[in-house]
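Quick mapping for you: the protein sequence lines, in order, are chains A and B. Position one of the first sequence corresponds to residue 1 (our numbering), numbered consecutively onward. Position one of the second sequence corresponds to residue 289 (our numbering), numbered consecutively onward.
Bear in mind the hints are in silico, worked out from the structure with no lab data behind them. Incorrect hints may appear among the rest.
[As the list claims (entries may be wrong)] Covered stretches of chain B (in silico footprint by chain A; criterion: 3 or more residues with CB under 8 Å from a CB of chain A, positions within the stretch not fixed): (1) 466-474; (2) 478-491; (3) 499-508.
[Claimed, not checked] Simulated crosslink set (DSS-like; lysine-lysine; CA at most 30 Å straight-line): (4) A:K239 with B:K496; (5) A:K249 with B:K496; (6) B:K482 with A:K148; (7) A:K208 with B:K436; (8) A:K221 with B:K444; (9) A:K239 with B:K482; (10) B:K436 with A:K194; (11) B:K444 with A:K194; (12) A:K208 with B:K527; (13) A:K156 with B:K509; (14) A:K208 with B:K444; (15) A:K159 with B:K509; (16) B:K527 with A:K194; (17) B:K436 with A:K221; (18) A:K148 with B:K496; (19) A:K249 with B:K482; (20) A:K208 with B:K447; (21) B:K496 with A:K159; (22) A:K194 with B:K537; (23) B:K447 with B:K496; (24) A:K156 with B:K496; (25) B:K447 with B:K436; (26) A:K249 with B:K509.
[Claimed, not checked] Calculated Cβ distances over 12 Å to all of chain A for the following chain B residues: (27) V298; (28) A310; (29) M312; (30) K332; (31) N355; (32) D358; (33) D367; (34) S398; (35) E417; (36) Q430; (37) A433; (38) A554.
Using N, Cα and C, we set each Cβ at its ideal position, and we do this for glycine too.
There are 2 protein chains.
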Amino acid sequence: MKVAFIGLGVMGYPMAGHLKNAGMDVCVFNRSAEKAERWCEEYKGGMALSPAAAANGCDVVLSCVGNDNDVREVLLGSDGALSAMHSGCLLVDHTTASASLARELHGLASSNGVGFLDAPVSGGQAGAENGALTVMVGGEEQDYAIAKPVFEAYSKFSKLLGPAGSGQLAKMVNQICIAGVVQGLAEGLNFARKAGLDGEALIETISKGAAGSWQMENRYKTMLADQYEFGFAVDWMRKDLGIAIEEAKNNGSQLPVAELVDSFYAEIQEMGGGRWDTSSLLARFTRK
Amino acid sequence: MKVAFIGLGVMGYPMAGHLKNAGMDVCVFNRSAEKAERWCEEYKGGMALSPAAAANGCDVVLSCVGNDNDVREVLLGSDGALSAMHSGCLLVDHTTASASLARELHGLASSNGVGFLDAPVSGGQAGAENGALTVMVGGEEQDYAIAKPVFEAYSKFSKLLGPAGSGQLAKMVNQICIAGVVQGLAEGLNFARKAGLDGEALIETISKGAAGSWQMENRYKTMLADQYEFGFAVDWMRKDLGIAIEEAKNNGSQLPVAELVDSFYAEIQEMGGGRWDTSSLLARFTRK
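Looking at chain A on its own, in the form it has when it is part of the complex (with noise of 0.2 Å):
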């Protein structure tokens, strides 16, 4: 299978990497050519110098960039890549977007026959360099039939849940969740903190139950140790939670939490934190 992949970042680099060491033929473009020419020295894949001529004559086109701006960019106008893909042909949006910019290359994609999918990804860069994401997939059955076998080269779970920009929207649920989750954490380790409670008896105690959760779990050290220079940064998280937020004016529901940990995010941003991990929450209580 002939395939290209488009945005070399910490989760597209990885990813890429993945399809090749499965024995897929890949061509890569990236928006600065040193990390696409990295990328071929260390896979022993192609480049390309545009996206048009990445996706020339592949079965499947997948794009992993920054936001909805950039999505355009490289799939649409006249080096874009949609603009070299024929008919049966597949493109896969990995990157996390609004779910109306997906209806509309939904739309775009299958006037002239190609397939289109939004697939949106969870596990951050550790499970995109341990092929250990999830893919929340939009768009239909056909398509992700094909895309299916693509994805498990990086992925442990990928689904189906609904017509196009489903992918976008299952996502923008998992950010609304995590913002919840961690500041209730970092509310509540805060509070021990100023109580005096020892922070590794107290997560040891309280985490098998009602209150645990995965941040808890696979965030608690650091947040005690006051540590926030790895993970899904802050300013990631801003996009992420700017595209549900907006999305919630469209379908009329309410995200009072969400909406306050946004504002909480940007605050962290004030402090220096954009690349900090979302978990610094506790940060704006314990630096301030």
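Dock chain B against the given chain A, drawing on the hints supplied.
Below, chain B alone, put in the same frame as chain A:
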């Protein structure tokens, strides 16, 4: 070992039963005597008509009642359990109450040579019935050494977390964390509903990752069904959050989301949901 158990609510009733089943000589007291009579019939234990009478001649006295005032009523005063306890005895309070009351009781007990542990539990009614509670303990090592085998009759885990009051403080952290988790989950599931996502498929996809929690795993089914008539009651959660918010004023920690969620639970009470499970935060969206 001769023990007294004071307070046969949904928690105390099965807890006292586990003690009797473990071979201890158990005497119970409950403010409404009918329930004590029913307990005696079911477990073939003894009952008394006052806390002092129940405590008389016991090595360990355990209480599990409603709030600070209830604790004072059953433990202090001329009819209270403490009046009948002598040097070398141990008093354990399983009630979720304030840390200041725990310190006060520890002081009063100590001055009579009586040991005291504050030991709130988590795990709910099901945990009490199945003998699978978690016990968060504050007090002294030698007293915990006596209590530990007693706790094992109805708990799967107990831990001494520090001096008197530490058990209560840990329970407060537990409830603060839960407030954030449940509200995030409620906002996420409501958003999913408004967005037209299939809830089951969504949770299957996101529950193993960074958004995952005990609450998501154990409450999503009933939340999707909009059912809340079970579990840990909103009335009790408000009591617990009230204690935590009060303590936060003492120790100078901020609880923006826990306070907001407490106000949401007040709305649930106004909707007639005081006895609903804490996951009913979703009903603020679905039933209004």
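Results for each hint:
Check result for the segment 466-474 of chain B against chain A: holds, 8 residues qualifying (beta carbon to beta carbon below 8 Å, three or more required). Coverage of the segment 478-491 of chain B by chain A holds [criterion: at least 3 residues with CB-CB distance below 8 Å; count 11]. Check on the segment 499-508 of chain B: 7 of its residues sit with their Cβ under 8 Å from a Cβ of chain A, so the three-residue criterion for coverage holds. Annotation: proposed proximity of A:K239 to B:K496 holds, straight-line Cα distance about 23 Å (limit 30 Å).
Restraint check: the Cα-Cα separation between A:K249 and B:K496 comes to about 28 Å, which is no more than 30 Å; the hinted pair holds. Proximity of B:K482 to A:K148 is assessed by CA-CA distance (about 28 Å); at most 30 Å being required, the pair is judged to hold. Distance restraint check for A:K208 and B:K436: the Cα-Cα separation of roughly 19 Å lies within the 30 Å cut-off, and the hinted pair is therefore satisfied. A threshold of 30 Å between alpha carbons decides the hint, and for A:K221 with B:K444 the separation of about 24 Å falls inside it, so the pair holds.
Between A:K239 and B:K482 the alpha-carbon distance is near 21 Å, which keeps this suggested pair within the 30 Å criterion. Simply put, B:K436 and A:K194 have alpha-carbon atoms about 28 Å apart, close enough for the 30 Å limit, and the pair holds. For the given pair, B:K444 sits about 28 Å from A:K194 by alpha-carbon distance, which is consistent with the 30 Å threshold. Among the hinted pairs, A:K208 with B:K527 is consistent with the structure: their alpha-carbon atoms are about 23 Å apart, no more than 30 Å.
The straight-line distance between the Cα atoms of A:K156 and B:K509 is roughly 24 Å, inside the 30 Å bound, and the hint therefore holds. With a C-alpha separation of about 11 Å, the suggested pair A:K208 and B:K444 falls inside the 30 Å cut-off, and the hint holds. Restraint check for A:K159 and B:K509: the C-alpha separation of about 19 Å stays at or below 30 Å, so the hint holds. A C-alpha spacing of about 21 Å is found between B:K527 and A:K194, which places the hinted pair at or below 30 Å, so the restraint holds.
For a cut-off of 30 Å, the pair hint linking B:K436 to A:K221 stands: about 27 Å separates their Cα positions. The straight-line distance between the Cα atoms of A:K148 and B:K496 is roughly 19 Å, inside the 30 Å bound, and the hint therefore holds. Taking the CA atoms of A:K249 and B:K482, the gap is near 11 Å; set against the 30 Å cutoff, the hint holds. The hinted pair formed by A:K208 and B:K447 meets the criterion: a straight-line CA distance of about 13 Å does not exceed 30 Å.
Proposed proximity of B:K496 and A:K159 is supported: the alpha carbons are some 13 Å apart, at most 30 Å. A threshold of 30 Å between alpha carbons decides the hint, and for A:K194 with B:K537 the separation of about 11 Å falls inside it, so the pair holds. With a C-alpha separation of about 28 Å, the suggested pair B:K447 and B:K496 falls inside the 30 Å cut-off, and the hint holds. At roughly 11 Å between alpha-carbon atoms, A:K156 and B:K496 fall within 30 Å of each other, so this suggested pair holds.
Of the pairs offered as hints, the one joining B:K447 and B:K436 holds, with about 9 Å between alpha carbons and a cut-off of 30 Å not exceeded. Of the pairs offered as hints, the one joining A:K249 and B:K509 holds, with about 26 Å between alpha carbons and a cut-off of 30 Å not exceeded. No beta-carbon of chain A is positioned within 12 Å of the beta-carbon of B:V298; the least distance is around 16 Å. Residue placement check: B:A310 keeps its beta carbon more than 12 Å from all beta carbons of chain A (closest about 22 Å).
No beta-carbon of chain A is positioned within 12 Å of the beta-carbon of B:M312; the least distance is around 25 Å. No beta-carbon of chain A is positioned within 12 Å of the beta-carbon of B:K332; the least distance is around 32 Å. Consistency note on B:N355: stated as away from chain A, and its beta-carbon is indeed over 12 Å from all of that chain's, at 20 Å minimum. Its beta-carbon lying about 23 Å from the closest one in chain A, B:D358 satisfies the requirement of being farther than 12 Å from that chain.
Residue-level check passed: B:D367 sits 33 Å from the nearest beta carbon of chain A, beyond 12 Å. Look at B:S398: its CB is around 20 Å from the nearest CB on chain A, clear of 12 Å, so calling it non-interface holds up. For B:E417, the requirement that its beta carbon stay farther than 12 Å from each beta carbon of chain A is met, with the minimum near 15 Å. No Cβ of chain A comes within 12 Å of the Cβ of B:Q430; the nearest lies about 18 Å off, and the non-interface call holds.
For B:A433, the non-interface assignment is confirmed: its Cβ lies about 17 Å from the closest Cβ of chain A, beyond the 12 Å cut-off. Separation of B:A554 from chain A is adequate, the least Cβ-Cβ distance of about 14 Å exceeding the 12 Å criterion.
Figure legend: structure checked against the earlier numbered hints; every hint is met.
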